[in-house]
Amino acid sequence: MEPMVDSQLPNWALRSLISANDLDATSARRILDTAETFFEVSRRPIRKVPALRGKTLLNVFFEASTRTRTSFELAGKRLSMDVVNLSGSSSSTTKGETLLDTIKTLEAMQPDLVVIRHAASGAAHYVAKRCRAGVINAGDGTHEHPTQALLDAFTIRRHKRDLAGLKVAICGDILHSRVARSNALLLGKLGARVHFAGPRTLMPLAADQLGAVVHDRIEPALEGADVVMMLRIQRERLSGVFLPTLREYSRTFGLNEKRLALAKRDAIVLHPGPMNRGVEISPEVADGPQSVILDQVEAGVAVRMAVLWLLAGGDSPAVG
Amino acid sequence: MSDVLLDPPAIALCLRRIATEIIERGNVRALVDGTARQPPILVAVRRGGEALAKRIGALAVEAGSPALPFGVVDITLYRDDAATALANARIGPSHIPISVDGRRVVLVDDVLHTGRTIRAAVDAVLDYGRPSVIELAVLVDRGGRELPIQADYVGRTVDVPRGSRVEVMVKRTGPRQEDEEPWALIIPPAGEPNREAAPPAEEPR
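Same order as they appear, the protein sequences are chains A and B. Quick note: the first sequence, position 100, residue 100 per the working numbering, numbers continuous. Quick note: the second sequence, position 5, residue 5 per the working numbering, numbers continuous.
If you are wondering where the hints come from, they were derived from the structure by calculation, not from laboratory data. Just so it is clear, CB atoms sit at the ideal spot from N, CA and C, and this is done for glycine as well. Careful: at least some of the hints might be erroneous.
What the hints assert, rightly or not - Facing chain A, from chain B, some residues (calculated, C-beta under 10 Å):
| hint | residue |
| --- | --- |
| 1 | Asp80 |
| 2 | Ile98 |
| 3 | Gly102 |
| 4 | Ala120 |
| 5 | Asp123 |
| 6 | Tyr128 |
| 7 | Ser132 |
| 8 | Glu135 |
Claimed, not checked - Partial selection, computed: residues in chain B whose CB lies under 7 Å from chain A:
| hint | residue |
| --- | --- |
| 9 | Pro93 |
| 10 | Gly129 |
| 11 | Val133 |
| 12 | Ile134 |
| 13 | Asp159 |
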């Protein structure tokens, strides 16, 4: 019975989400709080609300993706948006069209939001600068994947209540991982202590500038960790240059039950997927009681609904 | 600047009457339809209806009813101006503890005005299932409808000119939940639209 004024938040100004650095702690928490509401929507008998009826979402994926694209598609549909998917293999870029021309063509269809995944780092930024619609980066090369970091933060928060002070170990191919980059930035802002572990050949030169503590063995990162995030070894990007063999990698950096025992007893295990079972993570751990990998997938839809909702309603004034 | 429409004792009387009417109508329904008596699900419209619905639930139990399941819906996502105007509203979680299929649902809100909020709340409830009937209880019906919607249970009907606001506010008189006193106020357009227009400090009138 309090007056409505009390329930108004400051205006949401952000129109595009390219990097975790577009968010500060307040706006990141607002996305996560909003996602709690949408999490509940996804568990109702009718998993759809009319909130963004009549708005159009374009999913433009120049790189293969199943879970991220499906997640954005479901998020848009559960908000009653019209969702159109375009994948790289069927798009005109294979016929020689430039990225800019493709985007200009799509823009002429009057979308409200464009979700883009592209193999080139900076592609989403490039598009956002030249496009009237709001742009959401769903992975650009080895740069960033901010909604993945948000859904990881959401999953962690649901299990650990608060991120402040948590030790988060991110292990594997940090060099090629946009997930690691976005997570280090976002989780750092939310007060977590991020540790990177991986072979030196797969560690970016300035990893510490992302605010992470860097280890070249996995054990010190795991010790006392509250959260363990394993990254996929991207076979297609490695081919013997960065690693002698996958078996050696698995022996020295793979997460098995024995290694996981170094972390806190109630530590949770995350993986952005898709997993290479038996390479970076053993099946016992992946399917074990500490694994929250499927929770991440469920969280992904809720977090993306929150991002779509906030970006699509964006610069409008608050109601009196 | 604000006028008192209902003071705490008057609100208590209104809610007691509404609770009794809700039970009675349930009894009549059970008799007419020959169905088993089952308490209705009280669903509050966030946030104005929450405290009122809890009071109504408690009063119904005092009057001899079995406990009423209590839910709450946030209508932000169902508003007809949702996409253009409401990204800055704090969306609270909705929650209905049991299935509404085949059940009687009583929506509870503080003030009935244009009817748009209730239209949205009905849509929200229907996303949880198919109730046998949805009824509406409000503390104040101030007129000014823009949709064909009416309340089944009304505390007080009053014609308030457009531009004036009717607000139900809680004044805390002590640390406990029971120390909250609800006041219904009419705030004229000239009045500052902020919480300074709070319940009067001394005894009214």
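Hint-by-hint comparison with the structure:
no.: 1; hint: Asp80; result: holds (9 Å)
no.: 2; hint: Ile98; result: violated (12 Å)
no.: 3; hint: Gly102; result: violated (13 Å)
no.: 4; hint: Ala120; result: holds (9 Å)
no.: 5; hint: Asp123; result: holds (7 Å)
no.: 6; hint: Tyr128; result: holds (6 Å)
no.: 7; hint: Ser132; result: violated (16 Å)
no.: 8; hint: Glu135; result: violated (21 Å)
no.: 9; hint: Pro93; result: holds (5 Å)
no.: 10; hint: Gly129; result: holds (6 Å)
no.: 11; hint: Val133; result: violated (18 Å)
no.: 12; hint: Ile134; result: violated (15 Å)
no.: 13; hint: Asp159; result: violated (22 Å)
Hints 2, 3, 7, 8, 11, 12, 13 from the list above are not met by this structure, while the remaining hints are.
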